[in-house]
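Peer 1: Below, each chain spelled out in residue letters.
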Amino acid sequence: MSGVALEPALRARRDAGAKLLVTYMTGELTADWVDYLQVMVEAGADAVEIGVPFSDPMVDGPTIQEASVRALERGATPEAILTATGGREQPVPLVAMTYANLVLRGGLQRFAARLSAAGVTGAIVPDLPLEESGSWEQAAGGAGVAAVLLAAPVTPDDRLGLICERSHGFVYGVNLMGVTGERASLARSAAVLAKRLKAHTDKPVVMGFGISTPEQAVEAASEADGVVVASALMRAVLDGAGIAEVGDRVADLRAALDRG
Amino acid sequence: MAEPSASGRFGDYGGRFVPEALVPACAEVEAAFRVAWADPAFVGTYRDLLRDYAGRPTPVTECRRLSEVLGVRLLLKREDLTHTGSHKINNVLGQGLLTLAMGKKRLIAETGAGQHGVATATAAALLGLDCVVYMGEVDTQRQELNVFRMRLLGAEVVPVRSGSRTLKDAVNEAMRAWVAEVDTTHYCLGSVMGPHPFPWMVRELQRVVGDEAAAQCRALLGADPDLVVACVGGGSNAAGTFAGFVDTGAALVGVEAAGGAAVARGVPGVLHGMRSLLLQDEEGQILEAESISAGLDYPGIGPEHAFLAATGRARYESAADDEVLEALQLLSRTEGIIPALEPAHALAWLVRAARSGEVGSGSTVLVTLSGRGDKDAQQVMRLLG
Ligand SMILES: Cc1ncc(COP(=O)(O)O)c(C=O)c1O
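Here the protein sequences line up with chains P and W, keeping their order.
According to the numbering used here, the residues represented by the first sequence are 12 to 271, in order.
According to the numbering used here, the residues represented by the second sequence are 37 to 421, in order.
These aren't lab readings, by the way, just hints derived from the structure by calculation.
Accuracy of the hints is not assured; some may be wrong.
Stated by the list, open to error - Short, incomplete list of chain P residues facing chain W, as computed with Cβ under 8 Å:
{"no.": "1", "residue": "Glu18"}
{"no.": "2", "residue": "Ser66"}
{"no.": "3", "residue": "Arg116"}
{"no.": "4", "residue": "Gly118"}
{"no.": "5", "residue": "Leu119"}
{"no.": "6", "residue": "Leu161"}
{"no.": "7", "residue": "Val185"}
In this text, a Cβ means the ideal position worked out from N, Cα and C, and glycines have one as well.
Next comes chain P alone, as it looks inside the complex:
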């Protein structure tokens, strides 16, 4: 299945004046997880990250750890997740979020090809920093998958330039020094990093980590092109929120971002 190319889709939305909303769904978290993914798209997500769970998620906080454990206990595998993903065509780009060991296990090229075959057009691998991601970027690129790189508040300017140059699809700005997870307020480092990234690149700049509420989403998007909301949505699903309720939450985020 050929998915929607990541960077052109995000650029088009941004250039039309929208703030980008990227949501997240842990693959195989529930039996009907693809319905959650679908409702996120219907409620206005511009792209959806599909979490491919790893046993040792180093950059994830308690919520996504819990979601990963639950999915793995249900028997989640990359293969099962990608098969289910490929089974339903989506009008927006899909981006895999996973860890290096799963990407490397069967070989970079094979993993990239598998993503592509499932209609996934981007991938985020947070434990592959610049120095370690070269061969992955090549393999992904060869399969038509955008390798998204992450920038952190402590990234010095010269590295920031390289990350912006080499990142495909968008540049992922990590709001804070810490792991994923809901936070009471947006870190001050978010706006600073967003401004620095925007000064470095014309690629879409999307900020993530710790964005929990529509207000925080608006605040985080003000200096950037958009936001990722992950843990707050997974918390809801873990606590039993149904498909419609998650759809409502995403619609609230969409509406807030559209109001600005």
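Model the placement of chain W with the ligand on the given structure of chain P, informed by the hints.
Peer 2: Okay, now just chain W with the ligand, sitting in the frame of chain P:
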């Protein structure tokens, strides 16, 4: 053993597979350690602490009665006699001093058996640093006494409830904590694992074990030993030991726990910031190691060991729980030395290899006794019923 490449690799293994937020911190540790390790004042202070505080050099003890039982000439490098009772003190004193040199005020550490946690808490108390130790909940139960020791030393112990609740999860949690506190805090990793420069730096801080032992063996034997054996969790006591012998003719053997044998049953992969041999399933999910010894309950191995295994310079064997308990009792009864469960693995392999004839009679063998058995006494008492 040589320095890793610029990207922190020993052959195909090693590297720096960390989130972007930790890349500057790893680079800072590397730069600070390079400066410190070349600075006579830093090295002098470190040597003084090893001598006056940790009690180095540790002796090499010839085991006359056990040698007779095994038909070999057995020498033990006595890391059990250091302050805090294991080789872990060598590493933490170095990283503690480095923390001061970097202008940081706080140490965090992971611990399995609790030995590295106790050692880190000790160094923190000595050097006036704050200390938080992450320990898998299962291990806090297996090693209650060490939890108390760390608290007595002024450290905070955080039980880790994620994953298998053992050493690998404690490392994950310490890494997560480090990201959030990196400007004030040094992550004092306890073995030759993790992202560059840790595998190299920790080996350098442990090489005192092998350097001392090599000289002591020559004085005792008039030659290098035929065989050098050490247990391997992450691999720091083995790496430090091997560093003293890699350029000699001695055969090098690392002994893992049978339930955590990363060389025998592992596959190359990425965990905890390094590429190395890891126990994992077909999909790449990390498997839980299983051993009576909390200190060897680790599904990977330091990258330099993966490299030494690949080149054949060292080989890696394993020992099962029951033979480990037997070896522990054998050393206790024949030599009056109660070893920790971890180095009892090294002895257990030697006992098996000597009995089978794999280690020829009359061979000279150095085993690193990485720690003393006090911490395990309660558990061993239960296991022996
Ligand atoms: C006494 C002792 N030996 C060995 C180890 C294993 O560590 P390494 O392989 O890094 O020497 C430990 C770890 O806790 C230990 O306490």
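Peer 1: Verify the interface restraint on Glu18 of chain P: the C-beta must sit less than 8 Å from at least one C-beta of chain W.
Peer 2: violated, 20 Å
Peer 1: So, Arg116 of chain P near chain W? Judge it on the closest CB pair being under 8 Å.
Peer 2: holds, 3 Å
Peer 1: Would you settle whether the hint for Gly118 of chain P is holds or violated, based on the nearest Cβ-Cβ distance to chain W being less than 8 Å?
Peer 2: Cβ of Gly118 of chain P sits 11 Å from chain W, so the hint is violated.
Peer 1: Does Leu119 of chain P pass the interface hint, meaning its C-beta sits closer than 8 Å to a C-beta of chain W?
Peer 2: Check failed: Cβ of Leu119 of chain P comes no nearer than 12 Å to chain W, outside 8 Å.
Peer 1: Quick check on the hint: Val185 of chain P CB to chain W CB, less than 8 Å?
Peer 2: holds, 6 Å
Peer 1: Restraint: Leu161 of chain P near chain W, CB-CB cut 8 Å. Satisfied or not?
Peer 2: holds, 5 Å
Peer 1: Please check whether Ser66 of chain P passes as an interface residue: C-beta within 8 Å of a C-beta belonging to chain W.
Peer 2: holds, 4 Å
Going down the numbered hints, you'll see the structure goes against 1, 4, 5, while the others check out.
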